[in-house]
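In order, the protein sequences belong to chains L and Y. Residue numbering for the first sequence follows the numbering used here, starting at 1 and increasing by one per position. Residue numbering for the second sequence follows the numbering used here, starting at 1001 and increasing by one per position.
One should not assume that every hint holds.
Reference excerpt, derived from the structure (chain L facing chain Y, CB under 10 Å, subset only) [said to hold, decoys possible]: (1) A2; (2) V4; (3) Y35; (4) Q37; (5) G42; (6) E44; (7) S87; (8) L91.
Since the hints were made in silico from the structure, they are not lab data. From the three backbone atoms N, C-alpha and C, an ideal C-beta is built for every residue, glycine too.
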Amino acid sequence: GAGVSQSPSNKVTEKGKDVELRCDPISGHTALYWYRQSLGQGLEFLIYFQGNSAPDKSGLPSDRFSAERTGGSVSTLTIQRTQQEDSAVYLCASSLSGGAGETQYFGPGTRLLVL
Amino acid sequence: SQQGEEDPQALSIQEGENATMNCSYKTSINNLQWYRQNSGRGLVHLILIRSNEREKHSGRLRVTLDTSKKSSSLLITASRAADTASYFCATSNRDDKIIFGKGTRLHILP
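Pulled out of the complex, with its shape left as it was, chain L reads as follows (with noise of 0.2 Å):
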């Protein structure tokens, strides 16, 4: 079956334009993650999403960062404004119904530099 996949893979924008980058998760996975990695550094949550329940937002660095679920699949993850410092990686992950520790399933990623 498909995996997670993301769009788009790469996206370069001007410092202070909106950006929206989509997450579609494996079918049937009721969790999703959103994650963020700067160059050589490791994973930084940023927002998870499990069933009906209300996302923990927690990770999200600052309010111009906000998340959608659709219909318990397809995700959108919107940047407002964007600053030079929210150049990275951003990491999609579906797991099947996220259970402490599970396995999470990761998309390639969207690599957006802003200018």
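Following the hints, position chain Y against chain L.
Below, chain Y without anything else, positioned relative to chain L:
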């Protein structure tokens, strides 16, 4: 924070040699996972070891867990060029979140 921290940050070895990477963490865990990342893209799950396990094998991979020292090691035997990647440990407790470390960059020399 229970963030895992890998050691070393970078490792270069000759093809055919064994590679050992370590991960230390701060608080009690339910399980620990190792992931591999090629070329700064998506991560691939390698192996999971539960807190009541001490050692686990998968092909050329051997993972150990010492909960008393709050540490884990990943051993890759008979390394190949294709093993060149970054390796991350990820810990979780009763919460749903997995916390990733900063990774070890492994380079296999021909």
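To see whether the hints hold, each was checked on the structure:
Proximity of L:A2 to chain Y is violated relative to the hint, the smallest CB-CB distance being about 13 Å (cut-off 10 Å). Restraint check, L:V4 versus chain Y: the minimum CB separation of about 7 Å is within 10 Å; hint holds. Here the hint on L:Y35 is kept, as its CB sits about 8 Å from the closest CB of chain Y, short of 10 Å. Interface restraint check for L:Q37: the shortest CB-CB distance to chain Y comes to about 7 Å, inside 10 Å, so the restraint holds.
Nearest Cβ of chain Y to the Cβ of L:G42: about 4 Å, under the 10 Å cut. The hint holds. Annotation: L:E44 was flagged as interfacial toward chain Y, and the flag holds, the nearest CB pair being 8 Å apart, inside 10 Å. The closest approach between the C-beta of L:S87 and any C-beta of chain Y is roughly 13 Å, which is over the 10 Å cut-off, so the hint fails. At about 6 Å, the closest approach between the beta carbon of L:L91 and any beta carbon in chain Y falls short of 10 Å, and the interface hint on this residue holds.
In the structure shown, a violation is registered for the earlier hints numbered 1, 7, in ascending order.
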